[in-house]
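Chain by chain, the residues run as shown.
Number of protein chains: 2
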Amino acid sequence: MQNYKMLLQYDGSRYNGWQKQGNTKNTIQQKLEEILSQISQKETEVFGSGRTDAGTHAWGQVANFHMQWQGSTNGLFLKINEALPEDIALLSLQKVPPRFHSRLQATAKTYVYRIWNSVIPAVFERKYVFVDKTPLDTEQMKRAAAYLLGEHDFKNFSSVKKTKKSTIRFLYHIEVVKKENEIQLIFTANGFLYNMVRILSGTLIEVGEGKRSAESIKEIFAAKSREAAGFTAPAKGLALAEVFYDKRW
Amino acid sequence: MQNYKMLLQYDGSRYNGWQKQGNTKNTIQQKLEEILSQISQKETEVFGSGRTDAGTHAWGQVANFHMQWQGSTNGLFLKINEALPEDIALLSLQKVPPRFHSRLQATAKTYVYRIWNSVIPAVFERKYVFVDKTPLDTEQMKRAAAYLLGEHDFKNFSSVKKTKKSTIRFLYHIEVVKKENEIQLIFTANGFLYNMVRILSGTLIEVGEGKRSAESIKEIFAAKSREAAGFTAPAKGLALAEVFYDKRW
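Quick mapping for you: the protein sequence lines, in order, are chains A and B.
Quick note on our numbering: the first sequence kicks off at 88 and runs consecutively.
Quick note on our numbering: the second sequence kicks off at 88 and runs consecutively.
Bound conformation, chain A alone (with noise of 0.2 Å):
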């Protein structure tokens, strides 16, 4: 069996998200498994990076599976692409390690938080941004973006409930882009709890309207409970920009 690695594209919009789980119908992870399965005549299995929620886009999400393929790599990535629909695409495949696995291997993802800030409608991109008409103040969302960088327990921007799992991680880099009408928060992190991306761009959002103080970061992460910190910003605004992984892959 050949190891393959994929590198997707989709538009979250229509999806309940990556995962399949129990009955959730009409997941990402499901309509590929059932295009690999049709085309190997053979069950196959999908393993992705890590899940994305329901209505989040994916710019390159990455995912793997083994399959017995006779025919030539690019002559299965034509035929991956010929059946899926017209908002998921297979920008690459290739061989790889049978060790190899997508999300073990991962060694940091970034996300990008899409902030439409301005009373002119989006037209061309509104599935994609979150739009907020109040001015945001990014210089102070810069500010409080400084407060979450590094290496800090992020239970309290997560809906993670009680785990006995880590909810350590380290935040490597933040950005905030502003350009023309839009905003762009640019999360760099060797890996992200529940929610997490889009409870600290609820956060900076708040920040960025005045609501709470870049200071105020501090705090969140001194308090008990996830109700310190932001809302959780809207899925459609959300996209999994790249997965990282160490040279050899």
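It should be emphasised that the hints constitute simulated quantities derived from the structure, not laboratory data.
Zero decoy hints are in this set.
Since copy identity is lost for identical chains, a pair holds within one copy or between any two.
DSS-like cross-link-like pairs, simulated, lysine-lysine; straight-line CA separation at most 27 Å:
1) Lys112 with Lys214
2) Lys182 with Lys129
3) Lys252 with Lys305
4) Lys182 with Lys220
5) Lys182 with Lys334
6) Lys305 with Lys229
7) Lys214 with Lys266
8) Lys266 with Lys166
9) Lys118 with Lys214
10) Lys220 with Lys166
11) Lys311 with Lys249
12) Lys107 with Lys249
13) Lys220 with Lys118
14) Lys166 with Lys265
15) Lys220 with Lys92
16) Lys229 with Lys298
17) Lys311 with Lys248
18) Lys182 with Lys166
19) Lys92 with Lys166
Let chain A serve as the given structure and place chain B on it in line with the hints.
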């Protein structure tokens, strides 16, 4: 009555084009007239710089209307945007002299035809591009474009029926721009005949595919009928990018 000039953007996907006519429902013009008549409590007519076909988009359509309005221009601007559906945006609104008419005073227009030239699906741009998986030879397309430049009778590049009106237009500029998976055809002229940009684009695409030579453009001008030219490229790839006026407007 004050004359107002609007700069508009729209995703034409779900509209029957710009122009209301006879029983045609659901046009952009009609939608705007409904909203403006509602705001002013008086039948209000909207004059566009020109029609766009069903399914064609606009990045910068211009239109004007006359209205008795007591409040500020910015107040009116916000009111219109709030009433508009999310696939139409008013980018700017300004007072103009009574004599201004968005069609009669337009001196030139730029249209952009977007071709997605890849076997990788265009996930996020899929509603705004024409997909052609055959690799296009942009050098030949540029050579062909050069034959189109200047003043010509473009009758054979249009779906105009017999008409007494002139079918001579001046094509000032054509660009063939390749950027990653996309090729854009950018046309600027003093005016365009019905379906002219889509037929020019279809013809250039056929040149890019090697189905016809760059030199065949000369034969199309000399031919007796529209059949000499290429196919009418689909409306969804087309956008009205800009309408030009004298400085005084």
